[in-house]
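Sequence lines, in order, name chains A and B.
Just so we're aligned: the first sequence equals residues 1 to 299 in the working numbering.
Just so we're aligned: the second sequence equals residues 1 to 299 in the working numbering.
The list makes no distinction among identical chains, and a pair is therefore deemed to hold if it is satisfied within one copy or across any two copies.
Computed cross-link-like contacts, DSSO-like style, restricted to lysine-lysine with a CA-CA straight-line distance of at most 30 Å:
no. : residue 1 : residue 2
1   : LYS295    : LYS192
2   : LYS64     : LYS133
3   : LYS294    : LYS253
4   : LYS188    : LYS294
5   : LYS113    : LYS158
6   : LYS139    : LYS295
7   : LYS283    : LYS62
8   : LYS256    : LYS291
Since the hints were made in silico from the structure, they are not lab data.
Number of protein chains: 2
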Amino acid sequence: MSVLIVGSVALDTIEAGGRKVKEALGGSAVYASVASSFLTKTAVISVVGKDFPKKHIDVLKKHKIDISELKISEGRTFRWTGKYSCDFNQAHTLDTQLNVFERFKPIVCEKNKNIDYLLLANIDPDIQFEVLKNICNVKIVALDTMNLWITTKLKKLKKLLKLVDILFINEDEAKQLSNSKNLLLSVKAISKMGPKIIIIKRGEFGAMLFKTNELFFVPSYPLEKITDTTGAGDTFAGAFVSYISYIKNIEIKTLKNAMFYATVMASFNIESFSVSKLSNLTKKEISSRLKMLKKITEL
Amino acid sequence: MSVLIVGSVALDTIEAGGRKVKEALGGSAVYASVASSFLTKTAVISVVGKDFPKKHIDVLKKHKIDISELKISEGRTFRWTGKYSCDFNQAHTLDTQLNVFERFKPIVCEKNKNIDYLLLANIDPDIQFEVLKNICNVKIVALDTMNLWITTKLKKLKKLLKLVDILFINEDEAKQLSNSKNLLLSVKAISKMGPKIIIIKRGEFGAMLFKTNELFFVPSYPLEKITDTTGAGDTFAGAFVSYISYIKNIEIKTLKNAMFYATVMASFNIESFSVSKLSNLTKKEISSRLKMLKKITEL
Numbered sequence: 001m002s003v004l005i006v007g008s009v010a011l012d013t014i015e016a017g018g019r020k021v022k023e024a025l026g027g028s029a030v031y032a033s034v035a036s037s038f039l040t041k042t043a044v045i046s047v048v049g050k051d052f053p054k055k056h057i058d059v060l061k062k063h064k065i066d067i068s069e070l071k072i073s074e075g076r077t078f079r080w081t082g083k084y085s086c087d088f089n090q091a092h093t094l095d096t097q098l099n100v101f102e103r104f105k106p107i108v109c110e111k112n113k114n115i116d117y118l119l120l121a122n123i124d125p126d127i128q129f130e131v132l133k134n135i136c137n138v139k140i141v142a143l144d145t146m147n148l149w150i151t152t153k154l155k156k157l158k159k160l161l162k163l164v165d166i167l168f169i170n171e172d173e174a175k176q177l178s179n180s181k182n183l184l185l186s187v188k189a190i191s192k193m194g195p196k197i198i199i200i201k202r203g204e205f206g207a208m209l210f211k212t213n214e215l216f217f218v219p220s221y222p223l224e225k226i227t228d229t230t231g232a233g234d235t236f237a238g239a240f241v242s243y244i245s246y247i248k249n250i251e252i253k254t255l256k257n258a259m260f261y262a263t264v265m266a267s268f269n270i271e272s273f274s275v276s277k278l279s280n281l282t283k284k285e286i287s288s289r290l291k292m293l294k295k296i297t298e299l
Numbered sequence: 001m002s003v004l005i006v007g008s009v010a011l012d013t014i015e016a017g018g019r020k021v022k023e024a025l026g027g028s029a030v031y032a033s034v035a036s037s038f039l040t041k042t043a044v045i046s047v048v049g050k051d052f053p054k055k056h057i058d059v060l061k062k063h064k065i066d067i068s069e070l071k072i073s074e075g076r077t078f079r080w081t082g083k084y085s086c087d088f089n090q091a092h093t094l095d096t097q098l099n100v101f102e103r104f105k106p107i108v109c110e111k112n113k114n115i116d117y118l119l120l121a122n123i124d125p126d127i128q129f130e131v132l133k134n135i136c137n138v139k140i141v142a143l144d145t146m147n148l149w150i151t152t153k154l155k156k157l158k159k160l161l162k163l164v165d166i167l168f169i170n171e172d173e174a175k176q177l178s179n180s181k182n183l184l185l186s187v188k189a190i191s192k193m194g195p196k197i198i199i200i201k202r203g204e205f206g207a208m209l210f211k212t213n214e215l216f217f218v219p220s221y222p223l224e225k226i227t228d229t230t231g232a233g234d235t236f237a238g239a240f241v242s243y244i245s246y247i248k249n250i251e252i253k254t255l256k257n258a259m260f261y262a263t264v265m266a267s268f269n270i271e272s273f274s275v276s277k278l279s280n281l282t283k284k285e286i287s288s289r290l291k292m293l294k295k296i297t298e299l
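Okay, chain A solo, but in the shape it has when bound (with noise of 0.2 Å):
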């Protein structure tokens, strides 16, 4: 099984805890493809400009995923500037250029209109609407979004949640989205406007899955020390769907397992900046967290 990820591809500047980064790979589609790519073949639908540094690409070809889809565009590659407060709960956006990104129409090609599994991560939901109508016979579609398009484009939104089967976002969005200061409630009202599973992520609290009538709480990998949270949940979105690939079903075990492996992902990702941790992953490293969040949840 496969994963077909549309996102952003971008360059961010970025300032947290105390050190600075700048024009580092970045974007939802990078932080998504890599942690996807451990687990199962990955394509990425996006679009950079000629300025984009070629040892970008070679970190997205090390992990086999497939970029045919990634347009070259004559212009500039997306760029994200931010800072983070000193607990990493707040993310001060400074700068946003959309460059390449403002004109991009996606084109779903033959060997991708097939997909399985399809992970619409955040980004303008026109252009997450523009890939999903060109896909047949999905079999999962998982969206991500933010407090942006919720404020923007909410009506382009709903018409997306109609036709999406996952959907991730954080705690507050969720309540925005609703209009519930309850979580609960805010799940299930969300599950009316139709994905069938939600997941809420809640930053350094965990996250939780929402299925029909079934709960599941995870927490957070605890961490001495965190370098960077940017792209925290388009790896947590990533790893997330190319477990639920790898495994073949959604069923509640299924999904259980994935919250753990997307929680031990993203747990990786916040300790460096761009995907420099994420990228030099082994096998050994996730299996070791993996067992240790059992351990610290278990009874």
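Starting from the structure of chain A, add chain B where the hints point.
Positioned in the frame of chain A, the structure of chain B alone reads:
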């Protein structure tokens, strides 16, 4: 085995979720002892004024709580007036009247001097210390505290920490006490101050247990409606200590189960003002929530 609890007995006036109660039964010793009474014989050391309503005494009597050391002094009972933000994340103290607590000197009677389990519920560290120094041969001493005492009585609090086995503290307070922004580093720093076992209360995000190199996380019990979170931490502490006194050890398995039990008892507490819900609980209701909490956390 039995548990001795020192803490406040209060008359609380509370505004929460658009509702208000006046002079309701409250105080850390009340919540903790009612929670504790379900599993073990429980005694309270505290003080009230002559104005303390008989109906409130009757609640404690109904739970067979030993109130022979609940002193009735000349003067008025301790009063607290507070208001919660609509998401219950902030409690604003509008008024505090110490009244009879201003001159309270706890005296431990002979029968309680040889208690096995002592809970120093949230109250002035001077009072906690006074009780502790009068106890002999105690097996386990647990302490709950709050930001007020970290700010105003840090020296006495640190003296106490050297003498306690278990500390209950919320996440922000732990970070304040340890001067660290990282949860893991916080508990490691606090464990060097004395307590072998540290329980971090995280409100709606659950709780974490730390014991030397063992960690354990439990989410809060998911509820669609919260009425008043006053006393949730006291209920948690009382239930936790009652559980270990009931099982008679502090092995990691016992502590993990105590975390579950305390989480469930706290969830009932926040469904009503005062101890209304807690004091009418059935064993069936408790075991049903324990079962559900297990279901939503185990793989």
